[in-house]
Amino acid sequence: MGRTFSYAEAVRVLGGKHDGVLRALDNVVGAMMLGGSLVAPGITSLFDAKVELSRIARELLASLHDRSSDARRPHRTHRLEAAHTVLAVTAYFETVAGAGFPFAWADLKITRQDQEEFLAEIFADGVPLPTAQNPYERNLRELHSCYVTAADVLLRFISGLEVWDRLSGRHREETASVLKTMPEKAARRYEELFDQLATDFPEVACWASRVEHQATRSSVRQVGLALVELERTLRAWTAGRAPDELRASLARAYRAQLGRSVLDSDEVPAGFVFPTLAEAYVDPRFRVADAEQGQVPNTEPWWQDREPRSDVHTFLAGYLTSSQALHAPLLVLGHPGSGKSKLTQVLAARLPAADFLAVRVPLRDVPAEADLQQQIEHAIRLDTGESVSWPRFAEAAGDALPVILLDGFDELLQATGVSQTDYLENVARFQRREADQGRPVAVLVTSRIAVADRARAPQGTVVLRLEPFDPSQVEQWLETWNRANATVFTRRGHAPLTAQAALKWPGLAEQPLLLVMMALYDADSNALRDASAQDISHSSLYERLLNQFARRQVAKTRPGLSDYDFAEAVEQELYQLSVTAFAMFNRGAQWIDGAQLERDLTTLVGGEQRRSGMRTPLSAAEIAVGRFFFIHRASAMRNDHSVSTYEFVHATFAEYLIARLVWRALSVMADNVPKSWSPLTGGGVNDHLLHAVLSYEPLSLRTPILRFLREMAAQVPDRRRIIDLVVNLLAKRGQRRPGHSYDNYEPTPLPVPARHAAYSANLVLLAVVAAGDILVSTLFGSAVDVVQKWHAEVLLWRSQLNRSDEWTSLVKALGLQRLWRDGQRDLMLSLDDGSRVPDPIDLYWTYGYAPAAQPDAKYASYSYPTQDVRLLLRKVNFTCGLNEDVLGHTVEPFAWRLPQAVNNFVTWWPEGFPSSAHLLLRLLLARESVSRAERNELYVNCLRVGIHNVLPAGSEAQRTYLETVLGLMSADPDIDATTFANASLMLSSGPVSLEALVRCAAQIAERAEEIPIAVLIDLLIALDQRCNGCTLDATRDEHLKLWVVLGELRLHDAIKRRVLWNDSELPTRINLAEIAVRKPSLVQRARMVAWEFYPSVEVAWPTVRWQEL
18 MGRTFSYAEA
28 VRVLGGKHDG
38 VLRALDNVVG
48 AMMLGGSLVA
58 PGITSLFDAK
68 VELSRIAREL
78 LASLHDRSSD
88 ARRPHRTHRL
98 EAAHTVLAVT
108 AYFETVAGAG
118 FPFAWADLKI
128 TRQDQEEFLA
138 EIFADGVPLP
148 TAQNPYERNL
158 RELHSCYVTA
168 ADVLLRFISG
178 LEVWDRLSGR
188 HREETASVLK
198 TMPEKAARRY
208 EELFDQLATD
218 FPEVACWASR
228 VEHQATRSSV
238 RQVGLALVEL
248 ERTLRAWTAG
258 RAPDELRASL
268 ARAYRAQLGR
278 SVLDSDEVPA
288 GFVFPTLAEA
298 YVDPRFRVAD
308 AEQGQVPNTE
318 PWWQDREPRS
328 DVHTFLAGYL
338 TSSQALHAPL
348 LVLGHPGSGK
358 SKLTQVLAAR
368 LPAADFLAVR
378 VPLRDVPAEA
388 DLQQQIEHAI
398 RLDTGESVSW
408 PRFAEAAGDA
418 LPVILLDGFD
428 ELLQATGVSQ
438 TDYLENVARF
448 QRREADQGRP
458 VAVLVTSRIA
468 VADRARAPQG
478 TVVLRLEPFD
488 PSQVEQWLET
498 WNRANATVFT
508 RRGHAPLTAQ
518 AALKWPGLAE
528 QPLLLVMMAL
538 YDADSNALRD
548 ASAQDISHSS
558 LYERLLNQFA
568 RRQVAKTRPG
578 LSDYDFAEAV
588 EQELYQLSVT
598 AFAMFNRGAQ
608 WIDGAQLERD
618 LTTLVGGEQR
628 RSGMRTPLSA
638 AEIAVGRFFF
648 IHRASAMRND
658 HSVSTYEFVH
668 ATFAEYLIAR
678 LVWRALSVMA
688 DNVPKSWSPL
698 TGGGVNDHLL
708 HAVLSYEPLS
718 LRTPILRFLR
728 EMAAQVPDRR
738 RIIDLVVNLL
748 AKRGQRRPGH
758 SYDNYEPTPL
768 PVPARHAAYS
778 ANLVLLAVVA
788 AGDILVSTLF
798 GSAVDVVQKW
808 HAEVLLWRSQ
818 LNRSDEWTSL
828 VKALGLQRLW
838 RDGQRDLMLS
848 LDDGSRVPDP
858 IDLYWTYGYA
868 PAAQPDAKYA
878 SYSYPTQDVR
888 LLLRKVNFTC
898 GLNEDVLGHT
908 VEPFAWRLPQ
918 AVNNFVTWWP
928 EGFPSSAHLL
938 LRLLLARESV
948 SRAERNELYV
958 NCLRVGIHNV
968 LPAGSEAQRT
978 YLETVLGLMS
988 ADPDIDATTF
998 ANASLMLSSG
1008 PVSLEALVRC
1018 AAQIAERAEE
1028 IPIAVLIDLL
1038 IALDQRCNGC
1048 TLDATRDEHL
1058 KLWVVLGELR
1068 LHDAIKRRVL
1078 WNDSELPTRI
1088 NLAEIAVRKP
1098 SLVQRARMVA
1108 WEFYPSVEVA
1118 WPTVRWQEL
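Everything in the sequence shown is counted per our numbering, starting at 18 for the first residue and increasing by one.
In silico lysine-lysine, DSSO-like type, Cα no more than 27 Å apart, as pairs:
#1 Lys749 x Lys806
#2 Lys892 x Lys829
#3 Lys806 x Lys892
#4 Lys806 x Lys829
#5 Lys126 x Lys197
Okay, the calculated beta carbon distance ranges per label pair:
#6 Ser758 x Leu578: 25 to 31 Å
#7 Ala877 x Thr1085: 48 to 54 Å
#8 Arg277 x Asp541: 23 to 29 Å
#9 Asp182 x Gln312: 48 to 54 Å
#10 Ala141 x Ala121: 26 to 32 Å
#11 Ala869 x Glu1023: 47 to 53 Å
#12 Gly898 x Thr438: 31 to 37 Å
#13 Gln391 x Val622: 37 to 43 Å
Derived from the structure by calculation, the hints contain no laboratory data. These numbers were taken from a predicted model, which means no experiment stands behind them. For each residue, glycine too, the CB sits at the ideal point set by N, CA and C.
Generate the whole structure from the sequences, applying the supplied hints.
Shown next, in the form of structure tokens:
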């Protein structure tokens, strides 16, 4: 259950027993329980009680309105929640009062103490409160459960009284039945009272997100801007006084932000302007939920179960006017560039200063080592220039509720690198302390989704996740942009960017900051509109986007360059961005701290720090990436110094830049390969940079990288040079490398074998990208055993690519097909998305039997001593590998029951070279996968395998194999009866036990109408000969069944002198009583056969009741 408010607490908040309305409520309920005039004169019947309760509900609402109109926001909230609880309790007792019971309440004869104990228990767990994050229907269900509990308590209470003993059974059932209807009726009455409360106090409607249901709205959703609706709603409820000068100063600072440019960047082309924050901020879509079990949800599957919402103003109004905001923080999650910081700016500006004291704390600008109170005080000084004490400032808030907006928990975490697992718990402790001091405070914390789970969520935390823009929001933002720059578009003869053109690339357009980037790209010459019309590839779009921004930076920072130098400078900018992308990728991280990036840039780019007057010189990291707004810089103040981390606002920018650097390096190298170059000449190609960046992580870890590379390769008509280059690099990959300055590039410490593995895996990926499909013999040369070479290389990858999902990503990215080429085994590689199902394993290929050399002898088989199953399992045990253990565990049962079957391969099978064990497993699972005819054929062939291939003949292994096949046949209701009978007849003289054959014969006999009688007779005669007078104690049920079926089919005479079946004494030698317990109908059938054929034989037949038949 969610948040609750107890009745006792509600009474206290609303003024205690001295409050007239509550005293009347108490008297009426007492009158009901004590019997009318004892407590409340005038309440002479339950009908009077119901009328009086309705009157009390109206008076409560009226008095509440008077007392809450000028209350402080927290006090008003508590009174409303208390009133809600009283109304919920009133709804229940009003419903009970209106019900018809088969007794008079006066007959209960209970004391005042009994009544008080009952009232204390009936709503002991409190009444559930509606919350802005949960649907109203959920609260209604919880309240219904509360009413069910109340009904149970009331029934238990009444049943313990003397009056209950005097009630008849019918009246007791009637009482229970009436109480069972109370929850539904009480819930309906509650809804009526709730609507009255919500009408008088609209914030109550916001608690339950019922505003949409109470107002007439357009059927087409209007996209909200800059939380205007939130401000309008909250101002309508304002009850506080005008703020003092310091509060007003802070409010002015926040309000001023609305009139400033939405983006503080010099990226805008000449003549264009950014709209203001008030004009451009689009109210976000979101999902919201309670944090569960102290965990912050940051996985997509968890959030998919929560419906997206577009009423952020309603949610915020409901949340900030409810008491839940005072106990734990509201955590706002979003991806980089999703608008988390802008939300806090707009919210701080929109909250009415009379009722709310907003304090925005940008965590990147306050000391990271300071405690929360100091950070708040620091933020106030930054915005007002005033140094204040938080307790004095909060106390001076008067009627207003302080709302602390902590923006950038992720920046605090990333930039400092210090664990902050208790950060949210510290926030909740701060809220508790402030509440204890009479200064209740609400807190909102923003964070990137990726790091949100680094902090534990205290009880009561609500989590809100910002959603990407939908098409209507994209359209709304672009309308604002186009309106702000309409004059420029007209003057230049350009068309404004449309949502249709932008949404051609939804992964960009749906993120607010990236939509800004797209608008800037299109601003110069309608480049994005043209790209949309031309249907260019994603890689071409990213190249154009990044190239334009790099050109703009070079033009601003290095004017006067020649065309050649300008192009070189642009390429240098993009190269530095690619190094930044590799800095994150090769560390397996989504962001990079400034010091790490500095080292990488110094090693791979070089250059010196640039000074700006007397200021601290700019670092290489700040010079390289600090100017691009599509790189998010997270900062925090630590020991009076700013520490930063960098992250691309969208992962695909980094992925494209990685692919760009790799492909350009390959192209340059291919252009400089001497015609006579080979690994043996020792000349020519410098792959130091490529080796440096590609020897840490396989590119397969990020699927978009391979997709970008594939698009780049598609733009090159003749890729033969690239393929030859990569093949030659593979050939020399194991050679000793000469020293180079790039050797200092070490994003993460790795052993030499791991770097060899990553580099060779990436070279193979690049070869496949360039070729589309490529033979392994082309990669490693046809002079070697291709399969053995591939196997060795794969084992290297598997042993060394063991961090995160490296190995698995490689297996998913490369599709592999086994094939024959000129009588030799080979492999074909291609790019895959991980969905392709490999072809079934062909053991002819595995053991090197080329098609022309494959044996075709009738019923021949092969075994390989080195592949003994127990030796295989020993190798599995020795290896201690996860995959080996899983597969070894699957075949382990064969090692003890049928070891020969694993290492015995059938040459005559219609398809392939299967082992006997494989065929047995295929047969086990065949019922749902093959047709009936195919399955019957499979049974017969498996029996042939057991007879001819599972050797030695007559061995325990052969018997086990054949009996397993027979057992599967007997359990298959779709098996052809004639096939089954002929198979059993075929084995009647073989290694199969007589007991197994008798069981099969019993199954066949039950289907005698489906097979020629002669076949059944031949089978039974064969079994009789096999028996030679022995007893069949182990199969007495089946023996009796056969005896019965023969009688029912009138076949006893057909097998005269066959002692096993034509045995008049059989019923006397079998424990019929024991069989009757398990199969009573079989014993009854035997009795009928005995009476007909052997009436003179005296048998002690057990009694079988007709219900058991």
